[in-house]
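Please model the complete structure; the sequences and the hints are all you need to start from.
Chains as they are written, first to last, in the working numbering: chain U, 265 to 1171; chain D, 16 to 97.
Errors might be hidden in some of the hints.
Claimed, not checked - Simulated DEER-style distance windows between Cβ atoms: (1) L758/U - R21/D: 30 to 40 Å; (2) V736/U - V49/D: 21 to 31 Å; (3) L773/U - F27/D: 37 to 47 Å; (4) L66/D - I478/U: 38 to 48 Å; (5) E490/U - L66/D: 16 to 26 Å; (6) Q911/U - M35/D: 51 to 61 Å; (7) L66/D - G746/U: 50 to 60 Å; (8) F27/D - T797/U: 53 to 63 Å; (9) M35/D - L912/U: 22 to 32 Å; (10) M35/D - I478/U: 25 to 35 Å; (11) M35/D - L758/U: 48 to 58 Å; (12) I478/U - F52/D: 17 to 27 Å; (13) F482/U - V51/D: 11 to 21 Å; (14) R679/U - L66/D: 29 to 39 Å.
Claimed, not checked - Pairs of lysine to aspartate or glutamate residues, derived as DMTMM-like cross-links and limited to a Cα-Cα distance of at most 20 Å, are as follows: (15) K20/D - D801/U; (16) K1019/U - D1055/U; (17) K354/U - D48/D.
Worth flagging that the hints you see were computed from the coordinates, not collected in a lab.
From a predicted model like this one, the values you see are computed outputs, not experimental measurements.
The C-beta atom is built at its ideal place from N, Cα and C for all residues, glycine as well.
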Amino acid sequence: MISANLVILIAVGYVVLLFALAYFSERWAEGDRGHFLRSPLVYTLAISVYCTSWTFYGAVGSAARSGLEFFAIYLGPTLVFVGWWFGLRKLVRIGRNQRITSVADLISSRFGKSNRLAVLVTLIAVIGTTPYIALQLKAITTSLSVISSDSILAGVGDRTDDNRLALGVAAGMALFTILFGTRNVDAKEQHHGVVAAIAFEAIVKLVALMAVGIFVVFGIGGGFSEIFSRAESVGVNVYDNGGFGTRWVTILVLSAAAIICLPRQFQITVVENSDENHLRTASWLFPLYLLGMSVFTLPIAIVGLNLLPAGTDPDMFVLTLPLAHDQELLALFAFIGGFSSATSMIIIASIALSIMVSNHIVMPIALRTPWIADSGDGQGVTNLLLNSRRVSICAVLALGFLYFWLTNGSGALARIGLISFSGVAQFLPSIIAALYWRDATSKGAGVGLFVGFAVWAYTLFLPSFVETGGIVAQWVENGPYGISFLRPEALFGLEGIDPLVHSVFWSLLANAGLLVLVSLSTSQSALERIQSTLFVDAFRRLPGTETRFMRSSAAANDLFFVAQRVLGAERATAIFDDYLKREVGSRAQFEPTPDFIAHLEKELAGSIGAASAHVMLSQVVSGDNISLQEVMQIADETQQVIEYSQQLEQKSEELKQTAEKLQDANEKLRELDQEKDDFLSQVSHEVRTPMTSIRSFSEILLDPEGVTSEQRARFLSTIHTESLRLTLLLDEILDLSALERGEKTWVNEPVDVTKVLQRAALVCDPLAKSSGIKMRSLAIADAPFADANGDRLCQVFINLISNAIKYNDSQNPYVELSMKRVGKRLQIEFQDNGPGIALKDRKRVFNKFSRGHRGVSNAQTGSGLGLAISSQIVGHMNGKLDLVRGNGEGACFRVTLNLVPSPEISD
Amino acid sequence: MAGRKRSEGFAFFLPVVGAMLVMPPIVMLFDVDVSVFGFPLIVAYMFFVWLFLVVASCVLTRGLPRAETEVKKADTHAETKP
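This is the structure in structure tokens:
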């Protein structure tokens, strides 16, 4: 036997070693040698905090009792790490990007930074973990009493001693954790000293277990084959054991969930991760570590059952086998290994829980309680956070001790490992939804977690107290109030399956089912939408692209740290106090508004430049500090910006179109201007010809001597004719411009076209006779009425007939008038057998001052406006004046008018 | 890029295969009264699958791209060194 005091002394010495290790690591972490501390190896070793004393001692016990089941505890995490690329990598990336501090922070941050969810998760974590800490305390006390007692039939030491020892261990761990876990409030919540100590402990426990294993297998067992051949005789069924049913699958799933959901695993794997690439090594090294931890488990169990007297606690085989063979040093080493497993779990679990409790429960309350937080200077907040962590660590360990104290000896602790696993496994549906399901809502996660937790508590946690008797035993036996339908271990009559499988099935079914159902029937808030995108699309965003309101873990004190770091304590305090006095009044309602953050940013920019200030602040500014309305407003602003840019686009399109129109209009104007210039020059030209002759003749007449009276009369008559022509020309110009401007009131009415045509023919008759031209009327339909102005139409007809007469120089001249109906239109054609109009002139014959017959004698030449005017007139009557290809060699003009019912019929 | 895609495919495939190998019904195939080098078949099988996963994961990880973070860190680290 070894003296208990010596063992305790060694344990204390070991803890002192840990202190030294943590202390120097903390210092190295700041220097060059810190590179090793941030290596993938240390990270992987730290993850092995998964292997607690429950696995160090308990795996052998489990193998002795249930054969191969312990494999599942290790295979679940192995599968998760082997599949790191799709699970852990994303978790770690999100943890880094969002500055996640705990599993509670992860879930609350994803679901709209809900504080309620954070509190719920924290409570579940505390309830699930505290018994687990008690389990470690029990392992330490039991192992100590085993190693220091005379008999190897141990585990029955003095209870009072046990309690004192457990209290001592708890206090020591509290001291250690407080010293190295709450030295400062790091933005990333990383504790290099602690991690180094845990990594060291990982090596100690692996080497210790391997040493015992090698001793057992090759020292006393006679090799693997020899040991396994004895398996059946000692009752360990390793052949055809049939243990691969629902319980096996359930434990696989639970252990896979636990490696992510256990607060201490999350703390090490996600929060303490300093480099995502460390996962690459951990993905195979951690499974290898687990493999090493379990190689000797079965042989130790078999040899223990074989060689040790019946009634020896299988959980303590790791210690009792060396002791039974007088290998006290080895036993001591094994004890240190078990002690390492226990302490590393206690340290990390209490750090993880204290962060959750202080961040999600103490701080929100403290910031609302004036007498706690209102200490005046900014340092108070820092101290508050650190002190709340310290108190939380003490409280967690005290709870653990209390649990140990109350249940010690009842045997309830033995099952706590898997009960704890299935408790924290309730986080799994929410975490998976957080990482992969965009539409999961805060309400869904909350309801799922709460109900899943409640079902777990009722079906597994409650029955674990069955040995305490009383009402619990009664409920488990007969159901609450005798309702057997609701028996905790046979819920809804589901009997005959393992209680663990039963509980995990119901709780996870309710949890995941409600998560999905409630998520589908509720909608997300704006903040949830933003966060869900940040989480689900974690790999699509480059770090640094998030805007400042999307961060998760920061509070007023973080702002203060930044301010203090940049501006110095006095200045920072002054700014905060000034703001408090001016805007808030007390720290109780202190919530940094965007205005204040902007103000602070400006102050910081004064020292370190605007860009750096923004970067610094966006690292600490948290969504918790910005209310939902503000987020909505920001979202609205984004929406507004999008709409505005769309409007701009639309406007620029409009502008483009307008510019095109303007260009067209400009071109038209130029054309018109050109036309006007042409017109003016033509008018001047037309006016000049008669004016010239009038001027020259009147000059001759002014000299009366050289002119006979006969000549005088002839000159006067010429002047008269030319004046008439001039007047006519000016009249026509006026007429045309009036028509073009549409100034004259124009009335269209049903007009008897036949009568108008007859009238025009009558007017032109003398001219025709004097020119010897025959006028023929063909196919004139009876009294067709057209929508027209009678006098103006007559003018057009006269113009067309007189043109046909004037320019006709054929031997046997004639003009042919015809009229026919074409649908709802009336066509009047004027065909002559004159010279016709050359093809090149056809287009411009209706232009002003263009004449179809340039070579014809001057006397007969008209103003050149006749056809232009006629065209305008017909246009006013909604008709058309065309030059068409007639049947003869001459020209053929066609007037097309709209037919209307005759007034008699319409009357 | 094709190599990366393939590695990602295997990275997804490996844990799925691992889970199938250690879950019923496949695991039941090895739960029989046979010894391999003195080990019960089921124990040997468990360790074999386990070791296979470790080795496969180690090999596979080489084919998967590193995250950018470390490159940056290494650079800054080099710069801060005198």
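**Request:** Given the range 38 to 48 Å, decide if the beta-carbon distance of L66/D to I478/U lies inside it.
**Result:** 19 Å, violated
**Item:** Range hint 29 to 39 Å (beta carbons of R679/U and L66/D) holds or violated
**Value:** With Cβ atoms ~31 Å apart, the hint holds.
**Request:** Return holds or violated for the Cβ distance of M35/D and I478/U against the range 25 to 35 Å.
**Result:** 33 Å, holds
**Straight-line alpha-carbon gap K20/D to D801/U, limit 20 Å** = 19 Å, holds
**Item:** Status of the given 16 to 26 Å range, CB of L66/D versus CB of E490/U
**Value:** For L66/D against E490/U, whose Cβ atoms are near 23 Å apart, the range 16 to 26 Å holds.
**11 to 21 Å as the expected CB spacing between V51/D and F482/U, which holds or is violated** = Because 19 Å falls inside the window, the suggested range holds.
**Asked** K354/U and D48/D: Cα distance at most 20 Å?
**Response** Outside the cut-off at roughly 43 Å; violated.
**Prompt:** Between Q911/U and M35/D, is the Cβ distance one that fits in 51 to 61 Å?
**Reply:** 57 Å, holds
**Range agreement (Cβ of L758/U with Cβ of M35/D, hint 48 to 58 Å)** = 27 Å Cβ-Cβ, so the 48 to 58 Å window is violated.
**Request:** May I ask you to test the hint 30 to 40 Å on the CB atoms belonging to L758/U and R21/D?
**Result:** 45 Å, violated
**Prompt:** In this structure, is the beta-carbon distance linking L773/U and F27/D contained in 37 to 47 Å?
**Reply:** 26 Å, violated
**Asked** Has the hinted range 21 to 31 Å been met by the Cβ atoms of V736/U and V49/D?
**Response** Given a distance of about 45 Å, which is not inside 21 to 31 Å, the answer is violated.
Violated hints for the displayed structure, listed by number in ascending order: 1, 2, 3, 4, 8, 9, 11, 17.
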